[in-house]
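Q: Sequence:
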Amino acid sequence: MRVVIVTESFPPDVNGVAHCALQTARHLVDRGHAPLVVAPATAAGHGPDALAPCPVVRVPSLPLPGYPQVRVALPSRRVAAAITEHRADIVHLASPFILGVRGMAAAARLGVPAVAVYQTDLAGYARTYVGAGEATAWRRIRSVHAAADRTLAPSSAALHDLEAHGVPRVRLWPRGVDTVRFRPEHRDEALRRELAPNGELIVGYVGRLAPEKQVELLAGACGLEGVRVVIVGDGPSETSLREALPGAVFLGRRTGGELARIFASLDVFAHTGPFETFCQTVQEAMASGVPVVAPAAGGPLDLVAHGRTGLLVPPRDEAAVRDAVGALAADPALRAAYGAAGRATVEGRTWAAVGDQLIDHYADVLTARTVVAA
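Last residue of the sequence shown: 373 (numbering that gives the first Met the number 0), numbering continuous.
Honestly, the hints are just simulated from the structure, not real lab data.
Every residue, glycine too, gets a C-beta built ideally from N, C-alpha and C.
The reader is advised that the hints may include incorrect statements.
Simulated restraints, written as ranges between beta carbons of each label pair [unchecked claim]:
(1) Ala-343 <-> Pro-74: 40 to 50 Å
(2) Leu-109 <-> Pro-52: 23 to 33 Å
(3) Thr-135 <-> Gly-198: 49 to 59 Å
(4) His-305 <-> Pro-74: 44 to 54 Å
(5) Glu-237 <-> Val-71: 37 to 47 Å
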């Protein structure tokens, strides 16, 4: 198959959309297919896309006001030209919002089937950033995804939300995890001594430092005796979080093998954001053999087995986060049991396995188009 992946973000960006688009392209190449990626240009100009396994077409972009790490694509004819020149059999729209909308329109105009991958809770972001606009966000989501031949939701909660708001033809497609990179054997005692020189229990958060992630909910955990909170990531909330989380260690953005060492060196992984359609970092923590504390909302509901691989807590509840961390801190045997169960749970969730599921979705869509045409 010849596939054009139109994505709102792509490496060197570090986020779930970019990572999933990269893994999709890699898997398609591995299986003998021919992908092409269309993505916004980066801040420094795109240059060669060294990480990409396939050609990448970059579209001019501007930084999102107030959040310069996020680039917004400008209107461009390159999207339609890329689909045409690549002779695409199918268009894959990764978290369509701006560039993806143009990709959807171009695919429809050219008669090429499209699969839209839902990854970003735009309605939740609207509540967080502007305190309103949730209905408007859902109208946009519905209009974009209703035009696709199939929408792929990453979790049961996301699938339910999409169907409840009138999005048709929704199927479940979860995310994979690199179980070779993320594994318990990468635990590093020297790193642990550096992060917690007095032997504290290490509680980690990994992700963007932005309002929708509600990382300030870790303030209660910072106050627990014998606990050291470690924050990995960057974003617009970093300055305020340094004030809100006294005693926390901020490591900035980390990737690759270094990130894997950090994950495996944690005692507890805590995620706080209630708007996750999936939550890849929860899977990476589980693959690293680390017990998880996460909100009982969105993607974590599919990932965390409460009382077996971690603890689910009410969303936006700082005291509940503190109490869950405290319970795990007090029970090393429980942490070990949860961590081992988490690792066992994700061992079959490789990117190859979920990539093959994606190819099956493509094949279903192409078959349906052929039947309709006949």
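Q: Decide, hint by hint, whether the structure agrees.
A: Comparing the hints with the structure gives:
1. Ala-343 <-> Pro-74: 40 to 50 Å: holds, 48 Å
2. Leu-109 <-> Pro-52: 23 to 33 Å: holds, 25 Å
3. Thr-135 <-> Gly-198: 49 to 59 Å: At roughly 51 Å between Cβ atoms, Gly-198 and Thr-135 fall inside 49 to 59 Å, so the hint holds.
4. His-305 <-> Pro-74: 44 to 54 Å: holds, 46 Å
5. Glu-237 <-> Val-71: 37 to 47 Å: For Val-71 against Glu-237, whose Cβ atoms are near 21 Å apart, the range 37 to 47 Å is violated.
Hint 5 from the list above is the single one not met by this structure.
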